[in-house]
Structures are given as structure tokens and as C-alpha cells.
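Student: Here are the chains, one letter per residue:
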Amino acid sequence: MEEQQSLWQFIAQQSDKLWQQTVTHIGLTFTALLIAVLIGLPLGVFIARRQKFAPAVLGFAGILQTIPSIALLGFMIPLLGIGAFPAIAALFLYALLPIIRNTYTGIKEVDAAVVDAAKGMGMTDAQILLKVQMPLAMPVILAGIRTATVINVGVATLAAYIAAGGLGEFIFGGIALNNTNMILAGAIPAALLAILFDFLLSLLQRMQLRKMHRLVIILPVIFIALSSFYVFSAVDKSLLAGFTPEFMGREDGYLGLKSKYHLNIRNVVISDAVMYKAEFEKKLDVISGYSTDGRLKAYGLITLKDDKAIFPPYYAAPLVRKEVLVKYAELATALNLLAGKINDSIMTELNYRVDYLKQLPERTAKDFLIEKGLYKPPQNGNKGTVRLGSKIFGEQYILINMYKMLIEGYTHLRVETRTGLGGTKICFDALINNQIDLYPEYTGTGLLVVLKPSKKKVADLMGNRDSVYQYVKKEFAEKYNLAWLPPIGFNNAYALMMRKEQARRLKIRTISDLKHYTDRK
Amino acid sequence: MIDVQQLTKTYYDTVAVNDVSFSVKEGETLVLLGTSGSGKTTTLRMLNRLTEPSSGKIFIDNKNILTQPPEELRRNMGYVLQGYGLFPHYSVAENIAIVPKLLKWPTEKIRNRVDELLYKLQLPPEQYRHVYPATLSGGQKQRVGLARALATDPPILLMDEPFGALDMLTRFAVRKEFKELDELKKKTIILVTHDVQEAFELGDKIGLMDKGKMRQLASPPELIFRPADDFVKAFFKHHLFQLEWQSMRLKNIWNELPEAGNAIRATLSADHTLWEAMEELVNNNAPVYVIDEETRLRKEVTFEHLKMAIQKQKRQN
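As they're listed, the protein sequences go chains U and D.
The first sequence begins at 1 in our numbering and counts up by one.
The second sequence begins at 1001 in our numbering and counts up by one.
Read the hints as simulated data drawn from the structure, not as lab findings.
Treat the hints with caution; some may be incorrect.
[Said to hold, decoys possible] What follows is a list of derived Cβ distance ranges for each label pair:
#1 U:P42 <-> D:A1234: 29 to 39 Å
#2 U:D125 <-> D:K1314: 53 to 63 Å
#3 D:S1021 <-> U:T124: 23 to 33 Å
#4 U:P220 <-> D:Y1012: 35 to 45 Å
#5 U:D125 <-> D:D1271: 36 to 46 Å
#6 D:K1211 <-> U:T124: 28 to 38 Å
#7 U:P42 <-> D:L1240: 40 to 50 Å
#8 U:M207 <-> D:S1021: 46 to 56 Å
#9 D:T1267 <-> U:M207: 54 to 64 Å
#10 D:E1294 <-> U:T124: 39 to 49 Å
#11 D:Q1197 <-> U:P220: 52 to 62 Å
Glycine residues also receive a C-beta, built at the ideal position from the N, C-alpha and C atoms.
The shape of chain D in the complex, shown without the other chains (with noise of 0.2 Å):
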């Protein structure tokens, strides 16, 4: 769906992208993680021309978008950042409507969808449609960020450290929702970050970017057991073990669980890391169980299947 081909940008005598190349699949999260200036920013925002490229390419389900109208381009894709950018003097109803009004959606329109969002982000709308962001908390107002970017349900997201502005508790309380809004689970997502947790829990691929260039491009068993160079490895030293466990997803070692019956009860889905279901196993004294969302198939997760896949992950390398 993207396709990125030798992006590079200069500033002056400095190099802040440097030949970096990816493509994401529709419906694909890619994380591009990296210290900052490591261009990673810089990268996400010349997706929306933000920021222009010195040289290279970008294609958009197959259209060079560099030969687009940087604002069309802009009204098709979400973004959210940072610091969130909600206008102070917009209430929360109109700042999520202010790319319907700029695609000048008829009215009805944009307050059912607006009621919509508000709903799903659990920001009752009665409640917060006429509100200022001066009167929200942190953790709110991301989530009107998040309902302005899904306004027009772009295909596109683009985030630069959506979650960056968060205290910890908030920002795990937030991730979670987020990865469970329907809303989101069909978008094709770019998301930029610092934070290793951050990126192993949401990405379906990652990009570990430094000084510009692209390190390593990978899903996340494999950038922790197959690690392309010493930069990686040192990259992750710290939480190693931590990370040997979230990158890992039950459904990759569906093969290896033993089978149960239909009739059981389930509390893993098969998307939940090995770390997630470790912490139900000790939790839970009970055999443990996880459903393929899919197939409907049930199996068991025993804390012997998850050592043994572990260390054959571990052997492979």
C-alpha cells in the first residue's frame, strides 16, 4: 500500500534521512523506532510532505503522491502527534470535525460522526462535545487527537509519538485501548517512538532507525533472535529477556500448543504475546486456555510450550 524507495533528505551539510526504503501492507502497523534524531520524525513527515524529501520516492497504493497537492494528500490521512496540536479555541466537537469541514461534509453528517467517535473513545458526548482542550486531562485530550485524525476514517494514519506526552499508568491505560478500537484495526498505521515497549506491543513490523539510516526492518522475533548487526543487539541489550517474550504472539507458535476442546473457556486470544500469557499463567492456577479469533479453535498454553518455544527461537539463531 506504502511504498517508500530511497528517501533521503538533506539540511544544508547534514543528513537527517539517509537512502531509507520500506513498503507497509494494507492493514500493517509499522513502528519506526529510534533515539531522537535518528530521522525517524523526519521520515514519518515527508509521508505528508510536511516535510519535502531531497530525493526519493513514495508511492501510495501505487500513485507517486510528490505529484499530488500536498493538502488533498494531508485530508486523506490521519495524523496525530505529539503534542497532540488540538486548536484552543475549537471545542472538542469541532476540532474532530475539522477536516469534514474541510472536505465540507454536510452538517448531520459531521455530528453523527462526531457523536460517533466520541462514543467509542468513551468521552461521552453530552458530556464532552462543547468542552475546550484547556479542560481536558492528558489521556483525554490524546483521545480527541485520536477521533480528529479518524474523522473522515482515513485508510492512513500517521503518528509521531502519539503516547509520548503521557505519565507511564496513562500511557499503558491508553495502549490498551487503542489497540482495541475496532476503528483502528483494519488502518494501515506508520507510528513513531521512542519507547521499546511501545513499539514491540503495537507494531506488526519494525523499524529501528539511527543517524538517519535504517538499521534494521524486521518483525519483532526477529529483530530480538536475528538481530542484523551489533548496533541491534546493543540496541536491546537492556530489556532482552523482557523482549524475547512480547516479541512473540501465541498465533506464531500456534503449531506447537497442544489442541483442547470447543467447549472451553478461553482467556488468551491467539494475538496476546507469550509475555501476556506467561502473566496469565501465573496468575492463574487453573490451566490456561486461547482462542484462535479466527479458526474459533481453542488450545492450551502451558508455561513448558512457551520455554520450549523460546529456546528453539533462540537455537535458530
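One chain only, chain U, in its complex shape (with noise of 0.2 Å):
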């Protein structure tokens, strides 16, 4: 039960936050379900009266429903920007297939008997629309009102993803940070909407046919009432911040800040994938980054220094089996070639090349070991096999690729890669499952995800790069048996980022820099 009792105290902690994020997420589904009833009911409507036009609007609702969430969503930022605005939108266009495809059918499959003898009775067409032929198909209009519904709950979850907030911010966060507790108070809230709202509209649907008049009026009435949950934030003209969900729950990311640096900035969770991109189109102002990440160089960005070192070192170094050491002693001298040779800003260039440039990081890899004289062609030798792992992302990929012609060209040894390990914990057991053999791994991780040592300890080691690697480079030999090799140079820590351009005007430098201009404003 001890997880349960924590979920409820993770819920009583962060009351506030979750019933705003609910308050949000609601606001976010009416608001689109409104604008969906209200432009796809008329427009089921027309094309069960012009009947040549349904194929078209039909196809063209599927064809937007088929568009993978993330992608709309992504697909948004260039036209609307972030927020609140691109996340409706994109919500709305997911409400409208099925609300267009119920109204059409339910008008559609209304008694063509009733609709003749109310033609033959005198009813004029908007009679015949609002008293004979709504309220006949009412119930399977309201039944695709329900699936919007709990399509748009679902969906508005991702809206976290672009700066709109909702149950999303919880639920992204939880994943980022392994935090099972913050993801099931996300995600719990978000399936109980889901089930709330399907009831209460499964009741509606299950109404007396004969009441279905009252309805027509009913409903918008609850949608608007609903979505005007959602007040929409005044226009500020502070500056604004950008954090990932993960960024949002760490003791060394936004909690941090706001410890450390007593930093109060107004800010929106938004996803890594386009944050940068909301960052060069001045949507952001200061978005939480990593130092070494190829779009810094791509949009035209600088890191701020971290003066009160909260973020804490992440130097990249081989984790190796100290068993394949010992096998093959010509192992880490090969290695070790890498030591010292890659700075920040030349890790930022080389990720440049991969992540912008779109090149291959096989031939990054291999233009850099060329430029510095490190390249030797591939011996083809047989002496045994070692086996590379990688996470998946471009840094990691080029950092082994550099490792496998190292090896080759210099070791009789063969490479064997095993690319795209998922995350940290992936990788890190296929090692010491004896999976692969080494991966390159950051200080940083190794001792907050990995080794979880105690706060003061944390405290302690923080803002010595040395000491963090030592300190890890130990108990790795001591409880596991790997072995931390020398660092490469650079250190791919979160960092904080503003526009070149704007961070010279207001001449901010540092993040307390940063912390005076918020104040002062």
C-alpha cells in the first residue's frame, strides 16, 4: 500500500497544480468540442441535403483524423504558434470527423415515410430540419458528440506538448522523470473526464426520444458553460519561458531555479521537439535546453551560465564491462584516443551536422576523426567481438560511430552496434546484463538516475565536475563492476537558452542575470 499512500500524498501535494491542469483540460476539450458542433453539425447537415458533396468533406475529416496527434499538433506551431490557440485547433479537427460523419448518417437514416409525410403536410424545409429530422437523429449525433468527446479528453493531454497545459503536463513529466505517482495523477484525472463525460452524455443518449427537442437547446448551453472554464491568459508582455516536462519536476531543473536562484518566470510546459523551433519564432523567450544540442547552433542560440552551478555536470565518458577491459587490454587505449578531444561547442557543431544538416552520422563521425588525424582504416582483424550500445539520439550515434572506426582501425577487435536503446535504464541494464559491452554515458545520469545518492550527498558533489566523476567512476567499479573511462570533454548539461539577439539587448549573461531583469519588471 506504500505506493498508493505516496499517490495520494503526491495528489495532496500538488492540489493546486492538478486542479488547475483539470480546469485547463476541460476548458480545452469544450472549447473544441463547441467550435466542432457548431461548425460540423451544420455542415453533416448540408451534405445530407447535397448529397454530391459528402464523399469530399467526409474524405477530407478522415484524412485529418488519420494525422498522428503529435504531428497536428506540430504541423500547428508554424500557422498558430504555442499554446492555448494551436492546441484547440488541432482538438477541434479531431472532433470534427466523427460529429460531421453522425449527423450526416443520423439525418440521413431518419424514416424516409416521416420525412415525405411532413414534406406532404406543409412543413417548410427548416421545419421539416428542426422538428422532424434533428430530433430523429439526435441520438446518433449525440452519439458521435460522445466519441469527439472522449477522443478530445485523450487527445488534450498532448496539448502539454505545445505550451496549453491540461492533465498532459503530469503525465509527460511522470514519463521524463520515471515519477510513476506524477504520471498516474495525470493520467488518472484524464481517464476519469473520459468516463465522466461519456456516462453523462451516454445518459443524454438514452434520453426519451420525445425529449430530444429540449436537448437541441440543452446542449450548447453545458459546452459553453464547460469550455468558459478555460479563461484565456491576458496578454503579457514578460518575458516567457519554455521547460520540458522533465525540466518541470527535477530538483536540478525548474524546482531548482526557483530554490537556488529564487527565479519567478512566467512559464508554459512544452515539449522538447518543438520547443526550439517555438523558441526561434520569439513564441519563448528562455527555454531549458541541453548545452551540446545541435539546434542551439541551428536557431541561434547561447546557453546562460549557471552561476549558482544548480545544473549538475554532464560529461560524457565510455561505460565499459571491466571484464572486456581486462580481455582486451588494447580496448581502452583505443578509447581513450576520444579523451579530452570533443568541447562543448565542437559536440554542438557535430550534432549540428546530424540534427540540421541531416547528415549521416557515420560520415560525421568520420570527418572529425580524419580533421584531427585520428582516422585509421579498418584492420578487419579477428580477434574477438565487442559490442557497442547506444541511447537514441544523434550525439550518441555519432559518439559510437567515432568508438567503432576507433576500435577497427586501431584494435584487431571487431564492432558490433546496437543502436537506439531507448533511454538510460535500457541501456544501462543491457550492460550489465551482459548485452553490450560499453555505451557512452554522462556523469550526471549515472549519479541522479543511476546511483540515486542521498540530497546533501547531491549537494555536496554539485558543481565540481571532477568530483561528480570521481565519485561515480567509484561506486560504478565498486557495485556493478563498469568502468568509468577518462571523459571525451564536453558537457551536454540542461542548460538555460535565450536568443542571441535578445539576450545581448537586455544584456543578460548569466541566469542571475536573468533573475534581476524578471524582478525588476
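Build the complex: two chains, separate frames, hints provided.
Tutor: Below is the structure:
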């Protein structure tokens, strides 16, 4: 029961935030739904009357439905920026198909004899629509609205990716931080909302047919009431920060910015995938990124100096099973050829080539080694096989390609690569279970994700690159029989970033400068 | 009252109704008879413009209906259709009140009229007013459909297979009631059916249609005893004996029947067919008498006289 209790504790502790996220979630869902009903219903009526337009309209709405939600949100950014507006637009597009289709089907399925009788008695087209077709089609139309509601409650969790808030903030924060309570604190209310609204609408749907005409009035009122939950934030000229869900929940992230720097900045939660672009497009002013990210160069961003050292160093170094080092003595020599060779700006440049210019990691790796005079053609030896692993992102691909070339060029060993091993946990598990022999790891990750020492210990180590390295080296050797070889040189740590031009204009170089600037405003 | 001239309806390359003309006098019942696809329903639907004619003219009381707003036209005609087309979300009373409401009758007047109709159609108002169509039997639905068409007492009634959805037994019963309903006595009725018996039972005139054309438009005896062509002859071939007896009414042979005293109790009226008279003769061993309801004169009916009348018709042919 310990797990459950701490979930309640988490919820109690975060109740303000949870409430606010829930309200935002409902607001987003029903604002989009209301617009979808306002547009989808007449459109469904229209195509039920003008059949020849039906395939085109339904086909188009169908195509919209097949676009993956993340992609659709991505498309919205260049068009509508970030925040509630694009999120509502995307949700609206998803809600459209079930509403149009069910309105169309519902009206078409009204008994032809009834419509014929209505016409034969001298009802006008408008009277037939409002008094006969709509009330009789209402159960089918409601089923469509129900489907759209459930879809929207689900998709609205993704709104957190583009800074629109909602329960997705907890869900994605929790996934990034491997914090089950946080995931559940977002996922359970989201599921409950879906079930609740589905149930309420099912009650309406089962309502006696004869009362349906009243529903035509009641439903919009309910929808407007629910969407008014959501008040669009007033236009604010102060600096706006966009932080990833993971950053928001970390001590060496937003929590640290608040406790150590006392930074108070207007912020939104946003996905790492769209954050840099939004920063570049001036939708955001400050973002949380990684200091060697290629997009730093691509979008003309600079990192702010962490003058109070809240971000632990993330120096990259090969993490190797000791047995392999013993078995093949020449391996360490080959791997150490790269030690100290790549600093932050070089790594940023290399990442830029792969992530932004779409160069193959092999080519980038080879070009770099040739430039440094380290490249040797493979010797095609058959002394044994070394298995290299990597996480799924460009930087790791570049690094293991370099190691592969160095090992094959300088030793008689053969190399097998296993790229794309998800996150830290998967890579690390593969290593200690003898599935791979080495992979590039970061000291900060080793410290905070694998070793997880006490807060005090972390505070003691923090700020000194060497002490963190020495600590993880010692602990990994003792606990896991793994060796950290000398660091490659660069520090891929968290960093706050701003556009070069804006930072220069506002004279902000460090995080403390940023705090002073925001305090003055 | 209704005058139809050279009515034609074409859909793309098929001709549904081909150059049909007829006229119906006030209070008369015209039955359009034919198999499915003969164009009878299309002809009916052009009369209230549920289908727009491709060419031709329709006059009602000398007014060209094609220049009137269709909604207005329809509100002044009763319309009964095969599936009844009752609104499932309206109660019986609400269904009957549809046209009065469209015409903005006062509530009180609507309620009285609805109750009156329910009463006349043997659906006790207290019991049926608030019932929904789903719970009614076929015969009851048919009556509600009829009541709805009669709500504003329109002079013209258009009926498209009004008994088509009923089983045989119910159909006979409902048709009998229908004939005796005083609300219908003075109406000009155009009724579409594929049922020959029904046509002869209800029609003052019958228009036999085939492939969009009016093959013969005549009174029932004429249709049977003087068919216009081989098609008409063949159409009635299977029921010829019965139809011969059903096509004629006692009033048609009134002058040939022997007089009877004024105090005698009559069991038949002049509107009854010879077929019905024969049934009465077979079932009753006593002499059978008929009364002309307008003149209150009575006559005797014997099998010999009926037989002679039929034979006379045949000879004239």
C-alpha cells in the first residue's frame, strides 16, 4: 500500500496544480468540442441535403483524423504558434469527423416516410429539419459528440507538448522523470474525465426520444458553460519561459531555479521537440535545453551561465564492463584516443550537422576523426567482438560511430553496434546483463538516475565536475563492476537558453542576470 | 374541381408518367390503379408537388397549382401514405395537430378537433391522446394517419396505398369503416392502389395505369364490361366474375327493380354492390329490400333481377 499512499500524498501536495490542470483540460476539450459542433453539425446537415458533397467533406475530415496527433500539433506551431490556440485548433480538427459523419448518417437514416409525410403536410425545409430530422437524428448525433468528447479528452493530454497545459503536464513530466505517482496523478484524472463525460452523454443519449427537442437547447448551454472554465490568459509582455515536463519536475531543473536562484518567470510546459523552434520563432524567450544540442547553433541561441551551479555536470565518457577491458587490453587505449578531444562547441557543431543538416552520423564521425588525424582504415581483424550500445539520439550515434572506427582502426577487434536502446535504463540494464560491452554515458545521469544518492550528497558533489566523475567512477566500480574511462571533454548539461540577439540587448549572460531582469519587471 | 392536363414526368431517359390527363369532380373518388412502376404514385405526388412535373398543367378550382407556393398548397390537402409516416417523437394528439399548428390554430380549437377526430375514428381520446405511435397496432396507426390528414378538414384528400401496410383482415375492416366515415363523404379523394378489390370497392372512377400511361379512365362497370383494349381486359381477367358483380351498385339498376312498400325494413342501401346484394340474398332466406337514402324509396332485390342486370350489361358490350 506504500505506493498508493504516496500517490495520495503526491496528489494532496500538488492539488492546486492538479485542479488547475484539470480545469484547463476540461476547458480545452469543450472549447474545441463546442467549435466542432458549431461547424460540424451544419456541415453534416449540409452534406445530408447535398449528397454530392458528402464524399469530399467526409473524406477530408477522415484524412484529418488519420494524422497522428503529435504531428498535427507540430503542424499547428508554424501556423498558430504555441499555447491554447493551436491546441484547440488541433482538438477541433479531431472532433470534426465523428460529428459531421454522425450528423450526416443520423439525418439520412430518418425514416423516409416520416420526412415525406412532413413535406406532404406542408412543412417548410427549415421546419422539417428542426422539428423532424434533427430530433430523430439526435441519438446518432449524440453518439458522434460522445466519440468526439472521448477522443478530445485523450488527445488534450498532448496539449502539454505545445504549452497549452492540461493533465498531460503531469503525465509527460512523470514519464520523463520516471515518477509513477506523477504519471498517475495526470493519467487517472484524464481517464476519469473521459469516463465521466462519456457516461453523462450516454445518459442524454438514452433520454426518451420525445424529449430530444429540448436537448437541442440544453446541450450548447452545457458546452458553453464547460468551455468557459477556460479563460484565455491576458496578453503579457514579460519574458516567457518554456520548460520540458521533465525539467519542470527536477531538483536540478525548475525546482532548483526557484529554490536556489529564486527565479520567478512566467512559464509554460512544452515538448522538447517543438521547444527550440518556438524559441526561434519568438513565441518563447527562455527555454530549458541541452548545452550541446545542434539546434543551439541552428537557431542562433546562447546558453546562460549557471553561476550558482544548480545543473550537475553531464560529462560524457565511455562506460565499459571491466571484464572486457581485462580481456582486450588494447580496447581502453583505442577508446581513450577520444578523451578530451571534443569540447562543448565542437559537440554542438557535430550535433548540428546530424540533427539539422541531416548528415549521416557515420560521415560526421569519420570527417571529425580525419580532421583530427585519428582516422585509420579498419584492420578487419578477428581477435574478438566488442558490442557497442547507444541511446536514441544523434549525439550518441556520432560517438559510437567514432568508437567503432577507432576500435577497428587501432585493434584487431571487430565491432557490433546496437543502436537505439531507448533511454538510460535500457542501456544500463543491457550493459550489466552482458548484452552490450560499452556505451557512452553522462556523469550526471550516472549520478542522479542510476546511483540516486541522498540530496545532501548530491549537494556536496554538485558544481565540481571532477568530484562527480570521481564519485560515479568509484561507485560504479564497486557496485556494478563497470569502468568509467576518461571523459570525452564536453558537458551536455541542462542549460537555460535565449536568443543571442535578445540576451545581448537585455544584457543577460547568467541565470542571476535573468533573475534580476525579471524581478525588475 | 381537379383538372389535370397532359401531365408528364421524365427522369433522365425514363418516362415515369406519360401525357396523363383526367379530371375529378367535387366529392368524387378517383382510384389510380396499376402495378408497381405504372406511374400511379408519381402522378399522385405531382398533385401536391412532392414531385415536380416535367410538363403539363394541374388546376384545382381553376387555379394553376404550379404557380402557388408548394407548402401552402400542401396544407390545404390531406395526405395519407402507405407507411403512415407518423412522427415517432410526437404523441398521437401531437401528430394529428401538426397541420393545425402550422396554420396557427388556437390551442383550444386544436384540442377540440383532435378529440373529435379520435372519437370518430374509434380511438377514445382519454386513452389514446398521449400515446406514442410505437405502441399502436397497424390499424390504429392507419387511423391516426387518416385523422392527421383530416385535421383541418381539407376539401381534397390524397391517399397513397393507405391500406397497403395492413394485413388482409384488418384491411377489410378498416376499409369498411372508411367508407362509412361521414368526414369523408364530401371529400374529393384521389387514391392510389394496386389492389383491384379496393379500387372497385372505393372508386367512383378508376384510372388504370401502365408504364406511365393512362390505359382507361372510366366508371367500374364500364371498365369491366367495356374495356378499352386487350390490356385492360387482361388486367381484370383473373377476378372477372367477382368484379362483374362488384362493379355495379344497386342504384345503377334501380329502375329495373320491383317497387316495395314504404313501411318495409330494408337491409341494403342503393350504394351497395350487386355482389353485396347477392351475399345478403344467400345469407337470408326471406325477401331482401333496398332503400335509396335520398328519396327514402324502397325496392325489392331478387337474384333473378341481379342476374338479368349483369346479362344486360354483357349484351350491351
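Student: Confirm or reject each hint.
Tutor: We went through each hint and held it up to the structure:
Against the hinted window of 29 to 39 Å, the Cβ-Cβ separation of U:P42 and D:A1234 comes to about 54 Å, which falls outside the hint. At about 55 Å, the CB distance of U:D125 to D:K1314 agrees with the hint of 53 to 63 Å. A hinted range of 23 to 33 Å holds for the C-beta pair D:S1021 and U:T124, which are about 31 Å apart. One distance hint, 35 to 45 Å for the beta-carbon pair U:P220 and D:Y1012, holds here, with the actual separation near 42 Å.
As the Cβ distance of U:D125 to D:D1271 is approximately 43 Å, the hint placing it in 36 to 46 Å holds. Our hint of 28 to 38 Å for D:K1211 and U:T124 holds, since their Cβ atoms are close to 35 Å apart. At about 59 Å, the CB distance of U:P42 to D:L1240 disagrees with the hint of 40 to 50 Å. Hint check: U:M207 to D:S1021, Cβ distance near 52 Å, so the stated range 46 to 56 Å holds.
Here the CB-CB span from D:T1267 to U:M207 is close to 56 Å, well matched to the stated 54 to 64 Å. Roughly 44 Å separates the CB atoms of D:E1294 and U:T124, a value that falls within the hinted 39 to 49 Å. Taking the beta carbon of each, D:Q1197 and U:P220 are about 54 Å apart, inside 52 to 62 Å as hinted.
Going through the hint list in order, the structure does not satisfy hints 1 and 7.
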